[in-house]
Amino acid sequence: MLIRSSVLGTYVAGNCSFRTFLLGAGLLFVMAGLTQAGEAPVVESVWGCLLYASNDRPAEKVQTQPQIPTRIRDYDERLEKLLGYASIQTLGQGETVVEPNRPSSIVFHGNIRVELTGLTRQPGEHFLVVLRLFQKDHQLIETQANVTRGSPLFIRGPLWRSGQLVVAVMVVS
Amino acid sequence: MKTFEERYTAYLDGLLSESEAAIFEQEQPALVAQKVEWIKLQRVLRENLVAVELTKTDFFNSQLLQQITNAPSRRRSLVAGWLGIPWLAWGGLGAVTAGVALFITLIPHGDLSDPGSGYVAEVLKTTTIDPNVSATVESRKGITIIKLEGLEKVPADEDLTH
Numbered sequence: 001m002l003i004r005s006s007v008l009g010t011y012v013a014g015n016c017s018f019r020t021f022l023l024g025a026g027l028l029f030v031m032a033g034l035t036q037a038g039e040a041p042v043v044e045s046v047w048g049c050l051l052y053a054s055n056d057r058p059a060e061k062v063q064t065q066p067q068i069p070t071r072i073r074d075y076d077e078r079l080e081k082l083l084g085y086a087s088i089q090t091l092g093q094g095e096t097v098v099e100p101n102r103p104s105s106i107v108f109h110g111n112i113r114v115e116l117t118g119l120t121r122q123p124g125e126h127f128l129v130v131l132r133l134f135q136k137d138h139q140l141i142e143t144q145a146n147v148t149r150g151s152p153l154f155i156r157g158p159l160w161r162s163g164q165l166v167v168a169v170m171v172v173s
Numbered sequence: 001m002k003t004f005e006e007r008y009t010a011y012l013d014g015l016l017s018e019s020e021a022a023i024f025e026q027e028q029p030a031l032v033a034q035k036v037e038w039i040k041l042q043r044v045l046r047e048n049l050v051a052v053e054l055t056k057t058d059f060f061n062s063q064l065l066q067q068i069t070n071a072p073s074r075r076r077s078l079v080a081g082w083l084g085i086p087w088l089a090w091g092g093l094g095a096v097t098a099g100v101a102l103f104i105t106l107i108p109h110g111d112l113s114d115p116g117s118g119y120v121a122e123v124l125k126t127t128t129i130d131p132n133v134s135a136t137v138e139s140r141k142g143i144t145i146i147k148l149e150g151l152e153k154v155p156a157d158e159d160l161t162h
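Heads up: the sequence lines are chains A and B, in that order.
The opening residue of the first sequence carries number 1 in my numbering; numbering runs sequentially from there.
The opening residue of the second sequence carries number 1 in my numbering; numbering runs sequentially from there.
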């Protein structure tokens, strides 16, 4: 019985398993290559928010707007330091699905909107995103950026009241 | 129902009853002569084969052990066995190695202690239509911001919250 199982084991191991392993490994690499190498347009969700950075004291803050959204909470201190303001509030946020060849927008109050015209997957889970920022019908900027999922890109916009407006855009799914 | 082999063995050993033996001989007449020869052989063996008591057993054992020691062992070739480890084990090891390699190369990862370590936001190009508006990109560790200059101030009475 021992000899039989040993012979069988050797046969299976020598003739089937190694070939199966090679075949499986090859298939895995091919699949990985297909998923990685393609710079194809993708359907992804993009989240954005309109922030208000100011040095307002708590009593003067814009009504009872929440603080920085959870999705970019880790950037709170860095953003304040970079902008030179003491506090950041959220004025609005939204999410949209970007489909190939179909621009989509995230619209905030005051007719401030982010129009996403392109989103292409790059190797290494990177995305090439093309976006435009509008204030009413006036295009403020068009930019192309290489981002990863969950990495927000911030745009410091116009002044408002005693502070400044900031738009954050992030690929989320 | 006994098989032919069982009946034949019993027939040779004389274990069949007389009636069963008679039936078997009728069915297989050619085997009767074989049984006669078999009985002769048994008798000759019984008469001549005498149990011999082994003398000098230690010498016999030492000779036997020496033959066992000198017998060529069935060593598996290096190519066939790969250091004695079965192919299946090598296959498993290879699969695990491939899995770890794929995990490291394909799964984005970073230093969990630093929330900004996996941050990538690289501005490749910025364009402003309004000549009065300029854009500068400021990248620090874990954050990138495009700063627009020259924009008109949004009226303070404009409600951006509703």
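These are calculated hints, taken from the structure and not from any lab test.
The structure displayed is predicted, hence computed values, not measured ones.
A few of these clues could be false.
For lysine-lysine, the following DSS-like pairs were computed, each having C-alpha atoms within a straight-line distance of at most 27 Å [said to hold, decoys possible]:
| hint | chain 1 | residue 1 | chain 2 | residue 2 |
| --- | --- | --- | --- | --- |
| 1 | B | Lys153 | B | Lys125 |
| 2 | B | Lys141 | A | Lys136 |
| 3 | B | Lys35 | A | Lys81 |
| 4 | A | Lys81 | B | Lys2 |
| 5 | B | Lys2 | B | Lys35 |
| 6 | B | Lys125 | B | Lys141 |
| 7 | B | Lys147 | A | Lys136 |
Just so you have them, the derived chain B footprint on chain A, three or more residues with Cβ under 8 Å [to be verified]:
| hint | segment |
| --- | --- |
| 8 | 101-107 |
| 9 | 152-164 |
Backbone N, C-alpha and C fix where the C-beta goes; we use that ideal spot for every residue, glycine too.
Verification of the hints:
About 25 Å separates the Cα atoms of lysine 153 (chain B) and lysine 125 (chain B), which keeps this hinted pair within 27 Å; it holds. This hinted pair does not check out: lysine 141 (chain B) and lysine 136 (chain A) have alpha carbons roughly 33 Å apart, beyond 27 Å. Simply put, lysine 35 (chain B) and lysine 81 (chain A) have alpha-carbon atoms about 110 Å apart, too far for the 27 Å limit, and the pair is violated. Note on lysine 81 (chain A) and lysine 2 (chain B): the hinted pairing is violated, with a Cα-Cα distance of about 98 Å set against a maximum of 27 Å.
Of the supplied pair hints, the one linking lysine 2 (chain B) and lysine 35 (chain B) holds, its CA atoms being roughly 19 Å apart against a limit of 27 Å. The suggested pairing of lysine 125 (chain B) with lysine 141 (chain B) holds, with an alpha-carbon distance near 20 Å, which does not exceed 27 Å. Between lysine 147 (chain B) and lysine 136 (chain A) the CA atoms are separated by roughly 19 Å; this keeps the pair inside 27 Å, and the hint holds. Under the rule that three or more residues need a Cβ within less than 8 Å of chain B, the assignment of the segment 101-107 of chain A is violated, with 0 such residues.
For the segment 152-164 of chain A, the assignment as covered by chain B holds, since 10 residues bring a beta-carbon within under 8 Å of that chain's beta-carbons and 3 suffice.
Against the hints set out earlier in the document, violations occur for numbers 2, 3, 4, 8.
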